[in-house]
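**Q** Put together the whole structure using the sequences plus the hints.
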Amino acid sequence: MAEFIAYLIAGLATGAIYALAAIGFTLVWQTSQTINFAQGEFVMLPAILILALVKLAGAPFWLAAVLGVALFIALFGWGFKITIVDPMIRHGVLPLAIATMALAIIMKEGAKDGFSAEAQSFPSLLPAQTLSFMGISISLQHIAIIVVACVAIGGLQWFVTRTRTGRQMQAAAQNPGVALILGIPVARMVMLTFLINAGLAALASVLISPIYLAKFSNGEVIGLFAFIAAIVGGFNQVRGALAGGLIVGVIDSLAAAYVSTSYRLAVPLVLLVIIILVKPEGLFGRKEERRV
Amino acid sequence: MSDIPSFTGNVPSPARSFWRRTDGVLITLLVAAVLLWFVPAGMGRYGTYVLSLWLVTAIAVMGLNLTLGLAGLKSLAQAAFMGIGAYATALLTTKGGMGWLPAFAISGLLTFAVGLVLGFPALRVKAHYLAFVTLAFSTLIWLVLRNEQWLTGGVFGLSNIPRPTLFGMKLDGHLAFHRFVVVVTLILALALWWLIRSPWGRAFLALRENPVRAASLGINIRNYTLLAFAIGSAYAGFAGALYAPLVEFIDPSPFALSASFFLLLMVVAGGSGYQLGPFIGALLGVVLPEYLRVTGGLYLILFAAIVVALLIACPQGIMGLLERGWTAIRRRPAGRNLPVKESAL
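Protein sequences appear in the order of chains A and B. Read in the working numbering, the first sequence has 1248 at position 51, and its numbers run on one by one without any break. Read in the working numbering, the second sequence has 158 at position 113, and its numbers run on one by one without any break.
One thing to keep in mind: the hints can contain errors.
Which residues of chain B face chain A? A few of them, derived with a C-beta cut under 10 Å, are [what the hints assert, rightly or not]:
| hint | residue |
| --- | --- |
| 1 | PHE182 |
| 2 | LEU185 |
| 3 | ARG191 |
| 4 | LEU345 |
| 5 | ILE346 |
| 6 | THR372 |
If you're looking for bench data, these hints aren't it; they were derived computationally from the structure. Even glycine gets a Cβ: it sits at the ideal position worked out from N, Cα and C.
**A** Structure follows, in structure tokens:
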């Protein structure tokens, strides 16, 4: 039982990180129909950028972290929207999705050739001790990750539902035409979701890299889990993506412990197929009407 | 026969003018096959190998072109299907002691069946769910190839894969095997050419142009898209069945997820929906890097960047660019005869 709780908490911690990636993914999907296949690489790269700033520019870690995250948001929030999404969205969803795959390759190979092919250790901003509590040993780092991610997601949820800008953002996502007529700066709102997506990815990167090490190939697995989390949760909801991320994280952690470490990735895949067969709109999603 | 199917309506599409020149495709395929039969005579072992690898990759890209270019589905498991074909052929011809031809057929049937099983749940819901299901499937296949050492040899792979002997002819030499690859590629390309001209192919086309209208004409969307995906996957299986004896040693790395992404980019680079597109895409993806060795690992980045630039400038790929150039050349002399005012229109 003590073991089970430890695995559960570890799963919730990684799940919270997948949720961050999945929320950014669904936000961008909602406002601009962009299926970002580079989402995993979006989580991989900020940590590499920070390490590169430390190694190559000799910056102290805190400065590198601030600069790296800012640089990432500028390049992959604003830059991504301007250079890839804007010119391509008129061609439809399919070319844009393929362009994000090309971007994934560029980011991955760029990290490998430009920085390192080896896994790099990444300093943790959070305490690394373990707490023993009634025979259960709990990693403080995991608890801290859950807290940080929950605060970030809660803040986002508050922003989206309670503030004027957040509600404008929702309106722009749900019905851009009407939103425009009502005087909402739709283009600025769409850009805002891209910046939020990059910010969430950077946060996820800083949280996950101390555990999994920073490596160019990390994006594949993180991306896969983020997509599964988004679909399981319902593809069009922040709370759906949150729940999806936590579910996928916990299932992954328990599968690694009790099923097989070499096939832990297969268990979320089975979950994905079951969801698609049984409840294709996701656990929290609404049924989408078919538009002609 | 060369008539444009009425259900494409007035929507201008690359497929339309492509239909008019279908026989150009046939002639190009036959001429290219003859050229490729003779070309490598003086190229040496490695040059011939690169040419064969180009054709084998083109087969997998052809299949993906059917899935993406004609049925409009994103499959992210083409390399995984190729892996299934390659490992099936390797195992059947080494441990199974089977001839290459039955192994080739089994590889195709197996990938076709897996395609049906995988595509059914995803396509029941929404076309873009297929992307995520195939993404996950790709990872799963990679895990199986790496972990099931008793069967696949794990990371050490399978070696000593024999080259086929057909009708008493041993195809061990690099030139003989290359010619064999040319023939198989031609047969598979012709089969696809025929398929696209058949009523089936027209239904695929109708689906891509206007799925709702196609459905109202009595085309079962789900069955046709599923079939397109399964046939596309079978082509990857065929490509794998040729890949294994070509390289004579296989391990899981060329069948990973990134390889599937790469194949998809080749479809787009060549021109998705064009019959000759896969050959151009595979040329850019396989042959060109061999001549750009100086760039080292950067070629992959360069290729991806080229594809992004192409997608922005001309989503129809290189074939689309060629077609644009061709129409521009043909129009110019006609325009010269017209009064200035009208040609300005």
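**Q** Each hint should be assessed against the structure and marked as holding or not.
**A** Hint by hint, here is what the structure shows:
For PHE182 of chain B, the suggested interface contact is upheld, since its CB lies about 7 Å from the closest CB of chain A, less than 10 Å. The interface hint given for LEU185 of chain B holds, since its Cβ lies 5 Å from the closest Cβ of chain A, which is under the 10 Å cut-off. Hint status for ARG191 of chain B: holds, given a least beta-carbon distance of 8 Å to chain A, under 10 Å. The criterion of a C-beta within 10 Å of any C-beta in chain A is met by LEU345 of chain B, whose closest approach is roughly 5 Å, and the hint holds.
Nearest Cβ of chain A to the Cβ of ILE346 of chain B: about 5 Å, under the 10 Å cut. The hint holds. Below 10 Å, beta-carbon pairs count as interface contacts, and THR372 of chain B has none with chain A, the closest being about 20 Å; its hint is therefore violated.
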